[in-house]
Amino acid sequence: MKRILLILAPSRISSTCVDEAIEETKRRGAELVALFVLDTAISDDVQTRLQDAGFLGEAPSGQFIDAMRREQERQGRGELERIEEAAKSLGVAIRTEFVVGEFVQRSLEAARQESAEAIFVARRDRPRLSRLVGGSPINELKSTAPCAVLVHNGEEAEG
Amino acid sequence: MRRRRVVFITAALAVCAAIILLPTPEGLSREGQNAIAIFALCFILWVSNALPLAVTSLLAIVLLPVLRAMPSERSFALFGSSVVFFILGAFILAAALMRSGLSTRLAVGFLRWFGRSPRALFGGVIFSGGFLAFWMPEHAVAALLFPIVLEIARALELEPNRSGYGKILFLALAWGAVIGGVATFLGGARAPLALGILGEHYDVSIGFLDWMLAAAPFSVVLMVIAFFLLPRVIPIDIEDVARARAALDRKARELGPLSVREKGVAVIMVATIIAWIVAGGAVELASIAILAAVSLFAFGLIDWRSVEEYVNWGVILMYGGAIAIAAALHETGGAGWIADVAMSGVGGLSSFWMLMVFAVVAAFLTEAISNVAAVAVLLPICFGVAEGTGVPPVAVVFAVAVPAGLAFALPMGTPPNAIAYSAGYFRLRDSILAGSLLKILALVVLLLVVRFYWPLLGIYS
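Protein sequences, first through last, are from chains A and B. To convert, take the position in the first sequence, counting from 1, and add 2; that gives the numbering used here. To convert, take the position in the second sequence, counting from 1, and add 30; that gives the numbering used here.
Don't take every hint at face value.
For lysine to any residue, the following SDA-like pairs were computed, each having C-alpha atoms within a straight-line distance of at most 20 Å [stated by the list, open to error]:
#, chain 1, residue 1, chain 2, residue 2
1, B, LYS469, B, ARG457
2, A, LYS90, A, LYS144
3, B, LYS469, B, VAL387
4, B, LYS281, A, GLN65
5, A, LYS144, B, ARG34
6, B, LYS281, A, ALA69
7, B, LYS281, A, ASP68
The hints are simulated quantities; they were obtained by calculation from the structure and are not laboratory data. Quick caveat: nothing in here was measured; it's all calculated off a predicted structure.
Construct the entire structure; sequences and hints are all you get.
If you want it as structure tokens, here you go:
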């Protein structure tokens with residue numbers, strides 16, 4: 003069966019992107035695989051900030067990271083439930099997955115494993131300058147994915 | 031991240047090498063030119079976080095003698111600055127507050143007291159964060175409030191990114207900690223760092239009470255402004271917080287009665303603050319801080335393993351290095367030369383407007399870089415600009431170090447913002463909009479404080 007992969011992560015959640023992925027899956031008569039990646043790069047970055055700039059030790063920063071990851075997991079699973087309900091209500095076959103790890107790596111693994119026809123993903127909420135200087139995981143995904151990557155960037159989608 | 035690091039490290043090395051290789055301009059010594067090269071290198075690395083802040087400082091300590099900007103004995107000796115030990119003592123006290131659970135109890139108590147309506151509850155988040163950040167680092171305050179505010183958000187079933195009240199709660203978490211952090215020497219290490227640089231340049235100091243008198247009223251006014259501003263920018267979309275109160279009551283029951291350890295830490299903390307206020311002029315602040323830290327061990331209120339778990343020792347390297355760079359810039363004439371070239375127009379301004387220019391530059395620079403780095407970078411240059419103009423160095427310290435703590439708009443500005451943003455309850459555009467408004471209001475209040483209040487305290491005339 004044809005599969006469309008919808009990838010979500012903390013701060014990569016866009017309702018328009020979700021709607022478009024469901025619509026496209028229905029149009030192609032495919033199965034939608036909704037994957038939530040609990041991106042460890044974000045928590046690692048915040049932890050580094052707390053320890054490097056805030057000079058907090060392992061214990062308080064670790065406690066904070068635990069609380070943050072629990073919250074992100076709760077939000078991620080909640081989002082997957084909402085997407086599952088929305089897809090089913092439109093008669094679209096759907097499967098949901100929740101994984102923890104590095105965003106690009108986990109996304110590529112899923113794309114290959116599912117032999118996805120296309121990937122739908124949203125850009126993170128972040129200043130353009132930071133993307134320009136620091137590079138973009140989405141650009142990395144686009145250049146290495148085995149299928150088309152449709153990136154949702156606010157209101158516009160790029161192919 | 032790897033690409034970013036490579037870009038910035040390469041840029042930093044290239045700029046440093048270019049400055050060293052340029053012909054020495056008139057009015058600047060060779061040593062001063064090399065000190066500026068090291069300063070530029072550290073500026074880029076601190077701003078970009080391409081290396082940990084402490085590691086950049088370590089690099090500076092080595093480069094200063096290698097490039098003959100400062101003798102090695104002096105650059106290494108600055109790690110032993112009394113300010114570094116003050117910061118160390120303050121961090122150990124904060125570790126005891128967190129380890130004993132007293133800080134969490136205070137936060138929960140505050141929130142239960144405030145939490146009778148949606149408006150009062152988010153006000154409680156601002157004021158409890160602000161009050162705690164008077165006495166412990168703002169980053170630690172934000173980290174300890176984070177799980178409590180999350181519990182409130184869950185109890186109220188606030189939807190991340192969609193609930194207006196969710197956005198308000200998490201912005202309040204960041205802003206309370208940030209605003210409270212400028213009120214005393216304990217809220218963040220930028221004020222002690224500024225004090226260290228001041229001491230190295232002019233051999234003068236600012237007392238604990240003097241700092242509080244100058245900065246705490248400003249901090250309290252700003253908390254009140256934040257309290258009124260937030261619901262105007264983001265409307266409150268809930269009517270009842272009974273479930274949040276129930277969650278806080280449950281949390282308070284879980285904490286149980288006040289333990290002996292908490293009581294002991296409270297006594298030592300209060301005694302230390304009184305000593306800083308009463309005896310701060312006669313005894314070094316650092317000596318009082320270290321004595322307090324030793325008392326915590328003597329009474330068995332904290333052990334060394336806990337201190338190691340709660341304090342990142344990079345703090346000593348960071349501040350030692352920043353003080354050494356500032357001292358090298360001053361002693362070689364590098365800071366004065368930068369001031370002449372880059373900020374010559376400012377030198378002709380009145381004392382008031384000169385201080386305001388420093389404040390505005392610091393307030394905006396700190397949105398993009400660590401506020402400690404903002405102080406380390408700006409203060410030596412501002413001292414150079416103010417020299418010979420009649421503006422006292424103490425006034426320059428206040429004008430730079432207070433607004434350098436006020437990062438509201440961007441998550442990268444300061445760890446409390448990054449912590450609040452990471453919960454996923456507000457988007458970047460929410461914090462940019464609301465944070466920019468608060469920043470403008472903060473600068474207006476600061477303008478009034480500098481113009482009318484600080485002269486009353488004799489900070490400048």
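Going through the hints against the structure:
{"no.": "1", "hint": "LYS469(B) <-> ARG457(B)", "result": "18 Å, holds"}
{"no.": "2", "hint": "LYS90(A) <-> LYS144(A)", "result": "29 Å, violated"}
{"no.": "3", "hint": "LYS469(B) <-> VAL387(B)", "result": "15 Å, holds"}
{"no.": "4", "hint": "LYS281(B) <-> GLN65(A)", "result": "17 Å, holds"}
{"no.": "5", "hint": "LYS144(A) <-> ARG34(B)", "result": "19 Å, holds"}
{"no.": "6", "hint": "LYS281(B) <-> ALA69(A)", "result": "15 Å, holds"}
{"no.": "7", "hint": "LYS281(B) <-> ASP68(A)", "result": "18 Å, holds"}
Comparing the model with each numbered hint stated earlier shows that hint 2 is the single one that does not hold.
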